[in-house]
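Participant: Let's have the full structure, built from the sequences with the hints guiding it.
Protein sequence lines, in the order shown, are assigned to chains A and B.
First residue of the first sequence? That's 1 in UniProt numbering, and the numbers climb one at a time after it.
First residue of the second sequence? That's 1 in UniProt numbering, and the numbers climb one at a time after it.
Calculated from the structure, these hints are not laboratory results.
These numbers were taken from a predicted model, which means no experiment stands behind them.
Not one of these hints is a red herring.
Distance condition first, Cα-Cα at most 30 Å in a straight line; then the derived DSS-like pairs of lysine-lysine: (1) B:Lys36 <-> B:Lys322; (2) A:Lys282 <-> B:Lys185; (3) A:Lys185 <-> B:Lys282.
Protein chains: 2
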Amino acid sequence: MNETHDPKIKSWVASANAPDCDFPLQNLPFGVFRRKNDEGGGIGVAIGDQVFDVGAWVRDQGKSSAEFKLLTEKRLNRFLAAGPQIWSAARMALFNLLREDSPQREQVARYLDATANVEMEMPIDIGDYTDFYASVFHATNVGSMFRPDNPLLPNYKWVPIGYHGRASSVVASGAAVKRPSGQRKPPTADMPTFGPCAQLDYELEVGAVIGPGNALGETVPLRDAEKHIFGLCLLNDWSARDIQAWEYQPLGPFLAKNFVTTISPWLVTLEALEPYRRSAYKRPEGDPQPLPYLSDENDQQRGAFDVSLDAYLSTRKMRDEKIAPISLSHGSLRDMYWTFGQMLAHHASNGCNLQPGDLIGSGTVSGQSKHSRGCLLELSWRGTEPISLPSGETRKFLEDGDEVIFRGYAEREGQARIGFGECRGIVVG
Amino acid sequence: MNETHDPKIKSWVASANAPDCDFPLQNLPFGVFRRKNDEGGGIGVAIGDQVFDVGAWVRDQGKSSAEFKLLTEKRLNRFLAAGPQIWSAARMALFNLLREDSPQREQVARYLDATANVEMEMPIDIGDYTDFYASVFHATNVGSMFRPDNPLLPNYKWVPIGYHGRASSVVASGAAVKRPSGQRKPPTADMPTFGPCAQLDYELEVGAVIGPGNALGETVPLRDAEKHIFGLCLLNDWSARDIQAWEYQPLGPFLAKNFVTTISPWLVTLEALEPYRRSAYKRPEGDPQPLPYLSDENDQQRGAFDVSLDAYLSTRKMRDEKIAPISLSHGSLRDMYWTFGQMLAHHASNGCNLQPGDLIGSGTVSGQSKHSRGCLLELSWRGTEPISLPSGETRKFLEDGDEVIFRGYAEREGQARIGFGECRGIVVG
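Facilitator: Shown next as structure tokens:
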């Protein structure tokens, strides 16, 4: 914790000081933007309702220090490779430029654009994307639908289960989500048919973006794992449940997941999230202790970020009738059985090389309560319990025109509240 | 078929005309090399025991035509993006430069280096790597070990089963293969332990490298699928069977596979393979016909390449005693249940975007006979039938110091014989 976490320090950007603002001075998330009028863009930092064009500022000021020069790139990958000291130095410098009493206020003000005037792009070129399955509540719920006799497999409490996802189809918030086609075979049918997915779902997840990483054949001990995580974003792991049920054995989900994955475009740094740490999920009595390579008292103490997550739904009819989006899922990243540190240490435990800009998904964030279930599969219990919407409609799964909006934030007594912005996608047929 | 397939035309590079040469004039595979004396490198083409430094030749000659200028890049990705017409034009031009009666012989000769003087690098930057499971013999064998009551799952004959692999750990032939550690739990044990893999295996596969690909949300109809495949290589999908058995449910193999994948460095073009096409694997009576999006008479007629594949083993003792590597697996790509065209069309059927340089693995190539089983898991029947080696040793799985060498070639009466070179890796502890 350092001065950048001090909630008493305000910004000269007035909108950043509003109580519900996602991007106060204490947040400073990194992203990549493009001006809607096509007048350039690059790496930026969100402050209030403004984007600070850091790349242009660094170029124009002729800054050549390590923490700045990497911010003139088109994507954040090289900055991510530089590691926590550089990230922290850049954050401190940006904090000082944007604080109320900054002597550079007038200079910097020329590099601000209203968020409304920019479009956000992918902040990183993703080398590899891995999705985990770290909520024991989600795993148990889903398992009990697909394998009623055997809901939670014997490896779950030992192995942070994960699988490789598709990097090419990860898109930034706002991109349309085209309903995929694929093979589906209801249990009662004799043979599968090919056609549009009838059980389209969202999955409320958090993504972690990798910093320096490790060379092939080397490992990352758990105590160092967080040094390799730059920050977090929201992640919607759109899923075609009917395709998934038919294809997933024995090698896991494939076309049911890789048609699109949406992330929120602002990467909230681990340093910004520092004040919102809580002890990790406490394993119930009787659960095994993790093996030594996944055990670290400090990781468990520090490990979980108390990030509140919401998945909102807005149907076409709701928009027509000016009904506000409704929260379907409300959970916390703190409920995960495995921390990101454990996931990362596990991922590299066989020598698999993680690289700057790799993306790691948490898996669907579900908690114990019904409202905390992080996908429609769980909420509608595989379609058997349709959800009633304020528009008079019901939903088992997503219909064309439905927009799914994720929001996330962290708050704590005596601290600023910081948010993730939004992760949006609208389903098109 | 065109003049480049004419077996009667010889090269002025004498070694290319030897009867067992992998790289005659009719092959012309593309790769990326680096001179061992550090004097540069780039995109090259193999001819006999020589590498033609195409990149340097294009630069020095000031060639600016589309088929040439992309060959001055560091990797083949942009050339792959250009599509079959450009590939074919480049092949024809190279053929004419290297044929016996080429007027440019003396000019070109200055750009040749002995293969022995170069090291091969990764020919492509791989965006995404997908591994299929296209041998019904392999799937049935493995299934009967892991699920004796249910060896071949009901989806197998409908769905070209595939899953995402790890792109970052794909390496070029020759890189050491470090034995991974991970969680293993024998069925008789109460709990898993973490330690070095005790059941390290190879998988004899063929890789297909993607050319232009498709935009997100678009599909690739089967009739067009082969236009998106630049060429093939050998692929060793190293596997940790003990880790795999414990981790793979429900989301598929992860750390059991992603510690390293080795490919042969020369990409043999589909055009070079044209003479060795045979009708695809004939589904036994009673098997379902593929769904329409996977059905194309032309694909089935043209679809399979009759590429012979061998996996050789050389143990440390065998090398010490000057015993030649022994062929453990000998199969043919023709035995696959699904063609690469079907795999690609399936992969894109949900709108998943394939990109230039993506890698698609066939899955282990196993046939009906015992010798054609493409991995030790099958050959030693999960370790229950150890394999006797000419050195007096036995093997259930790979031991430290073991080198696995893949070779592949295509031959046909009245045609040249073309080969893939080697895909090598030595296991280190």
